[in-house]
Amino acid sequence: MNDKLKNYLPVLEIKNVIIEFGDWICEEFNFTLNEGEFFILNKSSGSGKSSLLRAILGFIKNKEGEIICFGKKVNEENIYEIRKQISWLPQNLDVMKAPLHDKTTLGFINNILNISDVVLDIRKVKEYFFELGLNENLLNSEFLSLSLGERQRVGLSLCALREKALWLLDEPTSSLDDKNTELAIAFIKKYSPTSLIISHRDLHIKGGKDE
Amino acid sequence: MNSFIPDWTNIAIGSLMLFVPIALFLRARLGLVKTLLISIARMGVQLFLVGFYLKYLIEWNNLPLNILFLLFIIIAGAHTVGSRSDLKLKFIFPPITIGFFVGYIFSSFFFIFAFFAGGDFLDARYLIPISGMLIGNSLTSAVVGIRSFFKNMNDNKDSRNYLIASGASLKTATSESFQMSIKDAFMPMIANISAIGLIWLPGTMTGQIIAGQDPSDAIKYQIMIVVGYFTCCVITVFVSLWLARRSAFDDFGQLKTNVYKV
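Keeping their order, the protein sequence lines are chains A and B. The numbering of the first sequence is numbering that gives the first Met the number 0, which starts it at 0 and goes up by one. The numbering of the second sequence is numbering that gives the first Met the number 0, which starts it at 0 and goes up by one.
It cannot be assumed that every hint is accurate.
[Unchecked claim] 25 angstroms max Cα-Cα, derived BS3-like pairs, lysine-lysine:
no., chain 1, residue 1, chain 2, residue 2
1, B, K260, A, K102
2, B, K33, A, K60
3, B, K33, B, K219
4, A, K125, A, K102
5, B, K182, A, K60
6, B, K255, B, K219
7, B, K255, A, K72
8, A, K125, A, K189
9, B, K170, A, K102
10, B, K219, B, K170
11, A, K178, A, K189
12, A, K188, A, K83
13, B, K33, A, K62
14, A, K60, B, K54
15, A, K102, B, K182
16, A, K60, B, K156
17, A, K102, A, K72
18, B, K156, B, K170
19, B, K182, A, K62
20, B, K182, B, K170
21, A, K125, B, K182
22, B, K170, B, K260
23, B, K219, A, K60
24, B, K219, B, K87
25, B, K170, A, K83
26, A, K42, A, K60
27, B, K170, B, K33
28, A, K83, B, K33
29, B, K33, A, K102
30, B, K150, B, K33
31, B, K260, B, K33
32, A, K102, A, K14
33, B, K156, B, K260
34, A, K123, A, K71
35, A, K83, B, K87
36, A, K72, A, K83
37, A, K178, A, K83
38, A, K125, A, K71
In case anyone wonders, no lab produced these hints; they're calculated from the structure.
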């Protein structure tokens with residue numbers, strides 16, 4: 000991480016971004032995230048934090064302002080390139096009740112890695128599970144039977160397995176107890192190259208700049 | 000062997016049995032009586048007209064006229080499916096119409112060159128009723144398939160976006176919704192097919208048996224019809240969904256909100 004800190008390239012630039020849904024308008028976002036940084040957006044709920052992540056991923060359009068990711072403007076042409084460099088962890092990691100696919104946690108991980116063009120390394124999966132306080136027996140359980148907190152940590156291990164340049168984490172510790180929150184934060188610090196983390200509570204990540 | 004033909008008075012008196020369902024509907028306060036009465040009236044008028052024009056279509060047996068008639072039933076079929084779909088007709092009508100064309104033309108090809116080899120499928124007395132069966136029997140499954148797909152699309156937005164964010168193509172990200180809707184559409188039809196002959200005698204062979212046909216010949220028609228409408232319907236639903244899926248998403252891979260009826 001220290002090597003990357005030297006470069007200080009802006010990974011994500013949020014310029015006067017405003018998002019609107021019908022009558023609801025979020026507050027204006029304005030910040031720059033440099034390589035190697037952890038940026039913790041610590042605002043009240045309803046401020047549009049999750050929507051901001053969705054706007055970065057091109058799932059919703061910002062009403063005003065500009066989002067620049069890896070030097071490219073988020074628009075129709077660039078969005079697929081941009082998404083390829085991002086790992087997104089939504090607040091509630093949900094999957095369809097698929098009728099045909101492997102329903103186990105390992106099946107889910109394998110499916111996401113396939114889509115990401117990453118080869119499954121079971122040794123790494125087990126290592127990450129251990130670091131996040133997850134029992135490796137969960138790999139054979141049905142993914143949808145896992146608790147929200149367990150799913151969040153599976154999602155975090157997927158972020159590390161996918162090895163993308165930017166992590167967008169939406170309340171990654173919202174369903175975790177204090178002990179597991181600590182493990183999750185240590186994990187993010189260890190593996191994430193650059194992170195934008197949304198949280199409603201103080202995460203105390205050293206080296207992160209809070210807003 | 001001449002079959003018995005009921006006269007209109009008999010039919011009118013027999014139809015009085017409808018008073019019981021109407022009374023039960025009223026009692027249960029379903030608010031369905033008006034719809035039911037309209038449906039029954041429509042059926043009466045439509046069948047009366049069908050009896051009338053089929054008589055002439057078969058008598059004249061004019062191929063261009065028959066093709067015009069087929070175009071009409073395909074478009075009417077696509078319109079029926081589209082208007083029951085929760086989607087804007089402007090969006091869903093073109094894919095369904097193309098789907099019906101592909102499904103119908105493919106299966107009728109097999110009727111012309113295989114089932115009716117040595118006969119003349121294009122003769123109006125075969126072409127018109129059998130084509131009506133192929134398209135008519137496809138309607139329910141097509142409605143279910145399309146409704147289910149777009150309901151799934153709407154319900155599973157988050158998990159689809161998670162797949163898209165992980166690098167999945169739209170095809171991959173929607174494949175589970177696709178599988179589920181195809182299952183919803185065809186499980187009943189497949190179950191139905193397996194019960195033919197055991198629990199129910201379907202319309203075609205019933206009609207032929209009543210008309211005096213040997214049951215062992217009547218089943219041949221039934222087999223052709225079932226194989227034909229199943230094939231027609233599966234092709235129709237797949238083609239419609241493929242086409243609809245292509246135009247339902249914007250350049251960001253997001254489902255356009257304006258495809259749904261408000």
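Tested hints:
1. B/K260 x A/K102: violated (34 angstroms)
2. B/K33 x A/K60: It is violated: about 45 angstroms lies between the C-alpha atoms, which goes past 25 angstroms.
3. B/K33 x B/K219: violated (40 angstroms)
4. A/K125 x A/K102: holds (18 angstroms)
5. B/K182 x A/K60: Not satisfied, since the Cα-Cα distance of roughly 34 angstroms exceeds 25 angstroms.
6. B/K255 x B/K219: violated (46 angstroms)
7. B/K255 x A/K72: holds (22 angstroms)
8. A/K125 x A/K189: holds (16 angstroms)
9. B/K170 x A/K102: holds (20 angstroms)
10. B/K219 x B/K170: violated (40 angstroms)
11. A/K178 x A/K189: Judged against 25 angstroms, a Cα distance of about 17 angstroms means the pair holds.
12. A/K188 x A/K83: Given that 25 angstroms is the threshold and the Cα spacing comes to 21 angstroms, the pair holds.
13. B/K33 x A/K62: Violated, because 47 angstroms separates the two Cα atoms, which is more than 25 angstroms.
14. A/K60 x B/K54: Violated: A/K60 and B/K54 sit about 59 angstroms apart, past 25 angstroms.
15. A/K102 x B/K182: holds (18 angstroms)
16. A/K60 x B/K156: holds (16 angstroms)
17. A/K102 x A/K72: Cα-Cα ~37 angstroms, so violated.
18. B/K156 x B/K170: holds (14 angstroms)
19. B/K182 x A/K62: Given that 25 angstroms is the threshold and the Cα spacing comes to 40 angstroms, the pair is violated.
20. B/K182 x B/K170: holds (17 angstroms)
21. A/K125 x B/K182: Roughly 36 angstroms separates the two Cα atoms, so the pair is violated.
22. B/K170 x B/K260: holds (24 angstroms)
23. B/K219 x A/K60: violated (58 angstroms)
24. B/K219 x B/K87: violated (40 angstroms)
25. B/K170 x A/K83: It holds: about 17 angstroms lies between the C-alpha atoms, which stays within 25 angstroms.
26. A/K42 x A/K60: holds (21 angstroms)
27. B/K170 x B/K33: violated (43 angstroms)
28. A/K83 x B/K33: Violated - the C-alpha atoms of B/K33 and A/K83 are around 56 angstroms apart, more than 25 angstroms.
29. B/K33 x A/K102: Cα-Cα ~47 angstroms, so violated.
30. B/K150 x B/K33: violated (28 angstroms)
31. B/K260 x B/K33: holds (24 angstroms)
32. A/K102 x A/K14: With a Cα-Cα distance of about 41 angstroms, the restraint between A/K102 and A/K14 is violated, given a limit of 25 angstroms.
33. B/K156 x B/K260: Holds: B/K156 and B/K260 sit about 18 angstroms apart, inside 25 angstroms.
34. A/K123 x A/K71: Roughly 32 angstroms between the alpha carbons, so the hint for A/K123 and A/K71 is violated.
35. A/K83 x B/K87: violated (33 angstroms)
36. A/K72 x A/K83: This hinted pair holds, its Cα atoms lying about 14 angstroms apart.
37. A/K178 x A/K83: Status violated; Cα separation ~32 angstroms.
38. A/K125 x A/K71: Distance ~35 angstroms between A/K125 and A/K71 Cα, so the pair is violated.
Of the numbered hints given earlier, the model fails hints 1, 2, 3, 5, 6, 10, 13, 14, 17, 19, 21, 23, 24, 27, 28, 29, 30, 32, 34, 35, 37, 38; all others are met.
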